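Residue numbers (our numbering), protein chains in the order written: chain A, 1 to 295; chain B, 1 to 295.
Some hints could be false.
Pairs involving identical chains hold if they fit within one copy or between any two copies, as the list cannot separate such chains.
[As the list claims (entries may be wrong)] Taking lysine-lysine pairs in the PhoX-like style, the calculated list, with each CA pair at most 20 Å apart, reads:
#1 K248 / K238
#2 K145 / K155
#3 K128 / K155
#4 K200 / K224
#5 K155 / K200
#6 K248 / K102
#7 K248 / K107
What the hints contain is simulated information worked out from the structure, not anything from laboratory work.
Computed from a predicted model, the values in this text were never measured in an experiment.
There are 2 protein chains.
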Amino acid sequence: MTTLGFVGLGIMGAPMASHLIAAGHTVYLNTRSAVPAALLDAGGKACASAQEVAQRADIIFLMLPDTPDVEAVLFGDNGVASGLSAGKTVVDMSSISPVDTKAFSTKINALGCQYVDAPVSGGEVGAKAASLTIMVGAAEDTFAKVLPLLQLMGKNITLVGGNGDGQTCKVANQIIVALNIAAVGEALLFASKAGANPAKVRQALMGGFAASRILEVHGERMVKRTFNPGFRIGLHQKDLSLALQGAKSLGVALPQTAGAAQLMQVCSTHGLANLDHSALVRALEIMANHEINGT
Amino acid sequence: MTTLGFVGLGIMGAPMASHLIAAGHTVYLNTRSAVPAALLDAGGKACASAQEVAQRADIIFLMLPDTPDVEAVLFGDNGVASGLSAGKTVVDMSSISPVDTKAFSTKINALGCQYVDAPVSGGEVGAKAASLTIMVGAAEDTFAKVLPLLQLMGKNITLVGGNGDGQTCKVANQIIVALNIAAVGEALLFASKAGANPAKVRQALMGGFAASRILEVHGERMVKRTFNPGFRIGLHQKDLSLALQGAKSLGVALPQTAGAAQLMQVCSTHGLANLDHSALVRALEIMANHEINGT
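Whenever a hint applies, use it, and build me the whole structure from the sequences.
Given below as structure tokens:
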């Protein structure tokens, strides 16, 4: 068994690390607050810093909220980089900037170490069930080495390309999901205001070119008004910020993504940031002074 | 067999009428130019006007380009309304305004006749193969009466609701299709500009919440640069105009639909209106000065 490390044991990281421990690996752990007792009871080893994790483990996983967190844990005081020695591997499973990821990987490679970006989709449910979708940017031989470990945490695992490409794919995913939610929201709101039954319209559209996972799942949430998360609007706002900041640095205009981000802003302004992202339809409803269920 | 009529024998109407004739019905025909010889050879009967079609047939189908065409054929000089008598049925299969459709149906009902709005999706290919998706707005008993005839032209046939709801559903369909195309375009352009392989990104995204018919079909067209129609941008522009005019009259803001219409305008401005609507990505590429295949 490989000796592993895991930094960042929040809602996502804790269940992900538990699967590595349950498979029999020795896993060194560190997080901002205290390491969860359940992970220690299961056999995980608490470390005082990310540096110590990197000193003790051969493959170090990160699961952190945002780009600055990953930068601090990698390159800050008592960070991972200060504890690495040649031949070790860093696997960042956070969803962060693709551009910054390429810079991070270059600095880790310069230490004689491998870097893998492996952001996930599937949320807390997927983390607990070890059914995450994982989008990987890595060298092929490094991917082959970490794949059996990723398979302990996820099911749908794709090597998209080199470092940064996993994060790029995750951003692309979040763009499409947000814009498809807005598409279903505008279509069902139009239909409802025109006097049609949005549930029947959704049903009729499922058979044709309008068909999507979002029409199926989030369209149903809009019709049934079940807006408990799921994936929170506030988190999707962060992902669209990543998309728009990345696009700006790349010199790409993403007008529809910018529009969807504004709709999410309307939701946040109205105190809806903690609802599921299917509640983006609420922004459209507020603007139209009409709800798709007719009220 | 019921005696039928068909007004509007263009790219869509001609093959649709041919299926009715082939099933053994007597079909009275009228169109702006001469009735196609193939339809007459097959047994169709040419009429001098839409009025004459309405006088001779019990159920009269329309397949026309736009709302003003339907209005003229129904209520203009020598139009359908002037030839109707009580108990006859008008089935409009054109894609036109839901709001105007409700007004048309009211006027036809006042003559003691039934009205059906039954717009289609599936294009010329679907019309020829009798595999159109048909979204129907009608009273239930009228729907039951015309269903066997619609089944000669299409496969996926849904009664969405009362008059106008078929057209509303078609508009909702065109909104989602346009916005999903824009979503895939922005996501793949971002990925390509960030240095990832858009074909691999598309493949990775097909397994998750970003999955859609548009990502599958139109995403592949974007990656392979196969922009021959398909469904022309110019026609989709007309449909989005219907959506935005309808939304304005209903008091609904559709900001993402408005944005997609602007992207299609960029395509038209650059002479691309006759390409398939997947070429909406060209508007984004022109703005970014970068094509997703890396050129």
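Going down the list of hints, with the structure as the test:
For the homomeric pair K248 and K238, the shortest alpha-carbon distance inside one copy (15 Å) is at most 20 Å, but the shortest distance between copies (32 Å) is not. With identical chains, the CA atoms of K145 and K155 are at most 20 Å apart within one copy only, with a shortest distance of 16 Å there and 50 Å across copies. Within a single copy, K128 and K155 get their C-alpha atoms as close as 12 Å, which meets the 20 Å cut-off; across copies the closest is 42 Å, which misses it. Taking CA atoms no more than 20 Å apart as the test, K200 paired with K224 passes inside one copy only; the shortest distance there is 12 Å, against 35 Å between copies.
In this homomeric assembly, K155 and K200 come within 20 Å of each other (Cα to Cα) only across copies, at 17 Å, whereas the closest approach inside a single copy is 34 Å. Proximity of K248 and K102 under a CA criterion of 20 Å is satisfied intra-copy only: 16 Å inside one chain copy versus 46 Å between copies. Taking identical chains as interchangeable, the C-alpha atoms of K248 and K107 are never at most 20 Å apart, the minima being 24 Å within one chain and 54 Å between chains.
Violated hint for the displayed structure: number 7, the only one.
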